[in-house]
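> Sequence:
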Amino acid sequence: MAISLLILLMAGALLVCAAIAIASWPRRDDPTVRAFLLLAVGAGIWCAGRMLEIQAPNVAERILWAKLQYPGILMVPVGWLLSVVRLTRPDHVIGRGWMTLALAVGVAGMVLVLTNERHGLVWPQVQWFGGVGLHTRAVFSHGPAYWALAAYSYGLLLASLYFLVMARPRGKLPPGGRALLIAGLLLPVLANVAYLRGWTTALGGDLTPATFSVMALLVWLCALRPHLGDVGHYARLRVFDALREGCVIVDDRERIADLNRTAQRMLPGLRRGDPAPASWMATRPYVAGVPDYELTVEPVRNLDDRVIGRIVFVRDVSAFRTREHALVEENSNLAVRLNETVDKLLRIEGDLYRDPLTGLFNRRFFQREAGVLLAAAQERGTPLGLMLIDVDFFKQYNDIYGHLRGDECLRAIGATLAQTLDEAASFCARVGGEEFAVVLHQADAQRTRAIGMRMLQAVRSLQMPHVGADPSHPFLSISVGAVSRVPDSPLIEELVAAADVALYAAKRGGRNRLVMAGGQASAPMSADDTDNADDGDNADNGDSADSADSADPSRPLV
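Each residue of the sequence shown is one higher than the one before, starting from 1243 at the first, in my numbering.
For the record, the hints were derived by calculation from the structure and aren't laboratory data. Please note that the accuracy of each hint is not assured.
[As the list claims (entries may be wrong)] Computed Cβ-Cβ distance ranges for the label pairs, DEER-style:
| hint | residue 1 | residue 2 | range |
| --- | --- | --- | --- |
| 1 | Leu1594 | Glu1736 | 22 to 32 Å |
| 2 | Val1349 | Pro1417 | 30 to 40 Å |
| 3 | His1384 | Arg1486 | 49 to 59 Å |
| 4 | Gln1367 | Leu1345 | 26 to 36 Å |
| 5 | Leu1422 | Leu1343 | 41 to 51 Å |
| 6 | Leu1257 | Gly1440 | 25 to 35 Å |
| 7 | Asn1581 | Leu1345 | 49 to 59 Å |
Treat the numbers as computed from the prediction; the structure is a model and nothing was measured. Glycine included, each C-beta is placed from N, C-alpha and C at the ideal position.
Work the whole structure out from these sequences, hints included.
Right under this line is the structure:
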């Protein structure tokens, strides 16, 4: 009679578990329902296995059904704990580490149970008490693995007690239901103690599976049934999953609490319980201030197409305004960085085309820009002036005064030439050790000669002593070879060659003078003659007036 009563009790518990699991199955996309299904299905497996174990005719089948109960035995405490957590703290996320640990314990427990005959750690001994029909009984003695699994299961139940006691007001569990579930926790404890003490032998044996089905029913009645009827909750879930934007919910511990399907598709590596990316947490959140609203007004017309009113749609665009301001700020920062980059590039270009000693343009710049001005002059049919300038007796100056003084000398002469030039679209460059080049835009021969004479006089006016120079003028001086013509060739080398020949003539004629290509040379000038230097004509000296055409054409180009 007792065995029959126990079978009926287990069958009833199985039907209860099946009924509430079937009722909950349509809402299985809800995490709370999934946790409850784990509890209900586990309790159902346990009850079914227990019922079939009782009816087994021999010890081998009893042991088999006892083993097949263990998936349910191991599922129940995990499902109970997850259900309680979801009901009491909906925003709490149980990390994947804990879930992995629970799965590992479950797998290890099943392995121990299924291989018990080899080690006897779960049931060291099974005693069979024969009889007729259902009046048979198998008594399982319990080994260390059994007690370890029991401690694990009741440890999870104890953890659920903490969540029940500390339940948050926003949870899905009403205060009365919470008290009922706390009391319900005592049922499996009392049933297991009674079974181990032999108090339930008269009722047919272990009643623990049925008590867990009662606990599942309590969860259903106290919390899950109202929760399943919350249409708004499920509507929010559907809207959440229907969003075209990826939406990720991060809890106060900076872990992923939930994410919709779009986010799962966009970020396939993201899982619930994972730490949120640090870059997300560093993003400045929207700070509510004076809200910005966008109004859309549409006319309302009757069937005669006459406007009978207006309908106004109001949309809060504060968050979009915040994003817009952030984009403006970011664009401003990008503009600043772009300007800084442009400045750096300009400085780099300046370094690329500037002579580091004198600050004048260098040979590279001369070759590039002289070609540009030559092409422009050839296209327009205008003259282009070119002067090559060489510091007289500069090697001797370095030998006598040293290279540091030589550098100072070159800097002073370079600055003087640049100041004297002061011509738009013209430039002065250092093209060699003590050699300079001046390109004059739209300068005919007369203007080229005048500018060259001013430069010659300006260097003389520096009065920089040089004991190695001509005794008649013991100061630093320069020699200038100049040319001016309308280019008939796109090659700057032809003008350079002509100016170089003129420079050679100036050197051969005694230095400290200017020679125009194809013309006469200027005579060296004393300090008293500087007032008339701009004229250039009264500086001619027949004795030293060498024609550039008669100079040595074999001198190398600058």
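> Each hint needs a verdict: does it hold in this structure or not?
Each hint tested on the structure:
The hinted range of 22 to 32 Å is satisfied by Leu1594 and Glu1736, whose Cβ atoms lie roughly 26 Å apart. For the hinted restraint 30 to 40 Å between Val1349 and Pro1417, the CB-CB distance of approximately 38 Å keeps it satisfied. For His1384 and Arg1486, the hinted distance range of 49 to 59 Å is satisfied, since their beta carbons lie about 57 Å from each other. Between Gln1367 and Leu1345 the beta carbon distance is about 30 Å. The supplied range of 26 to 36 Å therefore holds.
Taken as a hint, the range 41 to 51 Å is violated for the pair Leu1422 and Leu1343, whose Cβ atoms sit roughly 30 Å apart. Between Leu1257 and Gly1440 the Cβ separation comes to about 28 Å, which falls inside the hinted range of 25 to 35 Å. At about 58 Å, the beta-carbon gap between Asn1581 and Leu1345 stays in the expected band of 49 to 59 Å.
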